[in-house]
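J.: Residue numbers (my numbering), protein chains in the order written: chain L, 1 to 380; chain Y, 1 to 380.
If you're looking for bench data, these hints aren't it; they were derived computationally from the structure.
Treat the hints loosely; a few may be bogus.
Identical chains share a label here; the pair holds if one copy fits it or two copies do between them.
What the hints assert, rightly or not - Under the rule of at most 20 angstroms between Cα atoms (straight-line distance), these lysine to any residue pairs were calculated in the SDA-like manner:
#1 Lys256 <-> Arg144
#2 Lys256 <-> His33
#3 Lys256 <-> Glu269
#4 Lys322 <-> Val356
#5 Lys286 <-> Ser28
#6 Lys80 <-> Thr375
#7 Lys256 <-> Leu129
#8 Lys256 <-> Val133
#9 Lys286 <-> Pro90
#10 Lys322 <-> Arg338
#11 Lys124 <-> Lys181
There are 2 protein chains.
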Amino acid sequence: MVAQRELPVEERKQLTSADQLFTYTLDSLPLQHGGQLGPVTLAYETWGSLNAQGDNAILITHALTGNSHAHDVQYPDDPKRAWWNLLIGPGRPFDTSRYFVVCSNVLGGCYGSTGPSSIDPTTKEPYSLRFPVVTIRDMVSAQRVLLEHLGVRQLAMVAGGSIGGQQALEWGVTYPELVQKVIVVAATAALTAQAIAFSEVGRQAIMVDPLWQGGNYAPGHGPAAGLSIARMLAMVTYQSEEAMEMRFARQQARNKALPTPSRTADLAERFEVESYLYYQGESLAKRFDANSYLYISKAMDLYDVSEGYSSLEAALRRLRSKALFIGIRSDFLFPAARVRWLAEQVRTLGGNSTYVELDSPHGHDAFLKEWGQMTDALNM
Amino acid sequence: MVAQRELPVEERKQLTSADQLFTYTLDSLPLQHGGQLGPVTLAYETWGSLNAQGDNAILITHALTGNSHAHDVQYPDDPKRAWWNLLIGPGRPFDTSRYFVVCSNVLGGCYGSTGPSSIDPTTKEPYSLRFPVVTIRDMVSAQRVLLEHLGVRQLAMVAGGSIGGQQALEWGVTYPELVQKVIVVAATAALTAQAIAFSEVGRQAIMVDPLWQGGNYAPGHGPAAGLSIARMLAMVTYQSEEAMEMRFARQQARNKALPTPSRTADLAERFEVESYLYYQGESLAKRFDANSYLYISKAMDLYDVSEGYSSLEAALRRLRSKALFIGIRSDFLFPAARVRWLAEQVRTLGGNSTYVELDSPHGHDAFLKEWGQMTDALNM
Chain L
1 MVAQRELPVE ERKQLTSADQ LFTYTLDSLP LQHGGQLGPV TLAYETWGSL
51 NAQGDNAILI THALTGNSHA HDVQYPDDPK RAWWNLLIGP GRPFDTSRYF
101 VVCSNVLGGC YGSTGPSSID PTTKEPYSLR FPVVTIRDMV SAQRVLLEHL
151 GVRQLAMVAG GSIGGQQALE WGVTYPELVQ KVIVVAATAA LTAQAIAFSE
201 VGRQAIMVDP LWQGGNYAPG HGPAAGLSIA RMLAMVTYQS EEAMEMRFAR
251 QQARNKALPT PSRTADLAER FEVESYLYYQ GESLAKRFDA NSYLYISKAM
301 DLYDVSEGYS SLEAALRRLR SKALFIGIRS DFLFPAARVR WLAEQVRTLG
351 GNSTYVELDS PHGHDAFLKE WGQMTDALNM
Chain Y
1 MVAQRELPVE ERKQLTSADQ LFTYTLDSLP LQHGGQLGPV TLAYETWGSL
51 NAQGDNAILI THALTGNSHA HDVQYPDDPK RAWWNLLIGP GRPFDTSRYF
101 VVCSNVLGGC YGSTGPSSID PTTKEPYSLR FPVVTIRDMV SAQRVLLEHL
151 GVRQLAMVAG GSIGGQQALE WGVTYPELVQ KVIVVAATAA LTAQAIAFSE
201 VGRQAIMVDP LWQGGNYAPG HGPAAGLSIA RMLAMVTYQS EEAMEMRFAR
251 QQARNKALPT PSRTADLAER FEVESYLYYQ GESLAKRFDA NSYLYISKAM
301 DLYDVSEGYS SLEAALRRLR SKALFIGIRS DFLFPAARVR WLAEQVRTLG
351 GNSTYVELDS PHGHDAFLKE WGQMTDALNM
């Protein structure tokens, strides 16, 4: 990797917080399923400083609907301001006084990185469904070029949860020589049939919305109802029966005026859990691109760390960095037993692997909620 | 109850099998949430003969998308011909050589009983969303009038799974003096927040389909895509991670030509589990009315056996029949632990209650698959 730390001023855009969103554009990226995509822009944020050796970098990789804003320097103690806010900063597991922390929006995303809503230079129109299928491996190879551009020679750590965890695992397997430690949170070697099924139900809900229009909706006029429904379902899979029972049980809705995704009146009394899901659906529909949702969720489904290798063992044997796997007791999308099994496989194959389980009722989302347990696990 | 066994010939309609579908029409049914509905027709089938005392009847209650065809006399050994086929017949748990077995399509359904697709006599058009909210208790009170019409004075058993199980429980609590034994399979006192959430995602998918048209679609031109998506999701919740992994894992689809509900092309490779769900979705959309799906699924969500009583204990204390509760180890829609808890509550309150758990990987649907274990449990 070559050192190119200095970024042109025009690449810098002020965020609402004190953090800056940078972009870097690659002319072209070869894709796992064939062909090239270019130009490819990655939007990213950084915290802390890279040392002269270029070996104190940490890459943070985000989940399906996440973005580069993993930390907020202006409000570093508010978990709502940035998705791993409390884990990043001086003295925290991703210690910005010692490390150069980077988080980029994934390829295929809609927070500044090239995705289906980006303008295709050949047609001057959004790619929509002409955007190629991108994979977790493609996301990671784009990140690698970005890090090279930033002067990073070695990653001290790469860490993420959910599809961020898939990316972390993929980093360790694809670029074993570049990573000292991978931290795979609530992710497995490949999704279960059940998780793929939930994922496809969400995608079909998006595509049945007449506003989707074969993917060719105008910006801001996308299938908000379909995307809301997909999000409602996803939110159920990110939680757990236990957590939803503690929080909602069979409470009647406090807010009966909140519109439903389909804008239909309630058939009968409304439960609080329904109101909550309408709110979550609408929130995502306002901030996220439906086509990005289709592509990134498909990348999640397609991910199989063994792809291109003779076996899963052959893939995992490549992992030579330290590996920390964090499972969540109540996660049913990426079950803890499967995360533990993966950690054990790596150890059996001679890898340096540790497994920690979060004892949380919060399901898959626990990696975005259990700050104390996450901090303890990351400090192991 | 009065004896009125003889049915007018015009009420009889030949089924494709040797079984006959009968109908009985009530002038009016008072509803739990107020008001009256009338006329109310119930479609039903019977097997075996009612004795002179009118006390050897068994009522079988069906699940969400089920119907009265629980048994098929022409093909009594084919589980695909009728939903509880192998449990009904001479020498079987619901022994037609000793008992008079009745199964009726639920109020709100679309297999001959009055539901939202029926003609509203005041407007001469289908009720659609002008159909009133009906509850499990309403379904049961309609069944009670039907049984009275048939001359049944005592039910030897009432048995059902899923919302059929809710109906069985409701029978025991509402009409304790009329039932000798209730058999509640894969059902609980009330749905969890998670189950309500899945249910509402399905309903929203139906209502976002432009063909739904506020419920006013023409017969045969309903929201097939939306109903397919709702069914896809429901099918996931009726199975289990374990069962889906055994059956599908990450196999590629054999049939890549099967259309998706939204009639869109595949974004990338198709998994077998996706093909399977498309097929299941389309099958239901061809045979079931979308508005019936909305109303019956809502009845399932609304069901709480304690409604109208001072407490759950007060409701369960009314249960004086023998009660058999059957849970399923891998059921996550009606978790076994909650079925067991309900059985224990009944026993604690002085009831005669037994709990049996099916050791099956097939999730909620095990009550429609595990014939050996079901037979053993029912014969206890």
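J.: Look at each hint and say if it fits the structure.
T.: Quick rundown of the hints versus the structure:
In the homo-oligomer, the alpha carbons of Lys256 and Arg144 never lie at most 20 angstroms apart, since the shortest distance is 48 angstroms inside one protomer and 35 angstroms across protomers. Within a single copy, Lys256 and His33 get their C-alpha atoms only as close as 47 angstroms, which misses the 20 angstroms cut-off; across copies the closest is 19 angstroms, which meets it. With identical chains, the CA atoms of Lys256 and Glu269 are at most 20 angstroms apart within one copy only, with a shortest distance of 9 angstroms there and 41 angstroms across copies. Proximity of Lys322 to Val356 under the C-alpha cut-off of 20 angstroms is restricted to the intra-copy arrangement: shortest distance 14 angstroms within a copy versus 47 angstroms between copies.
For a Cα distance limit of 20 angstroms, the shortest separation of Lys286 from Ser28 qualifies neither inside one copy, at 30 angstroms, nor across copies, at 47 angstroms. Taking the shortest Cα distances, Lys80 and Thr375 sit within 20 angstroms of each other inside one copy (17 angstroms), while across copies they are farther apart (53 angstroms). Only between protomers do Lys256 and Leu129 lie at most 20 angstroms apart by alpha-carbon distance; the minimum there is 19 angstroms, versus 37 angstroms within a single protomer. In this homomeric assembly, Lys256 and Val133 come within 20 angstroms of each other (Cα to Cα) only across copies, at 18 angstroms, whereas the closest approach inside a single copy is 40 angstroms.
Within a single copy, Lys286 and Pro90 get their C-alpha atoms no closer than 33 angstroms, and across copies no closer than 60 angstroms, so neither meets the 20 angstroms cut-off. Taking the closest pair of Cα atoms, Lys322 and Arg338 come within 20 angstroms of each other only inside a single copy of the chain (19 angstroms); across copies the shortest separation is 42 angstroms, beyond that limit. Taking the shortest alpha-carbon separations for Lys124 and Lys181, neither the intra-copy value of 41 angstroms nor the inter-copy value of 71 angstroms comes in at or below 20 angstroms.
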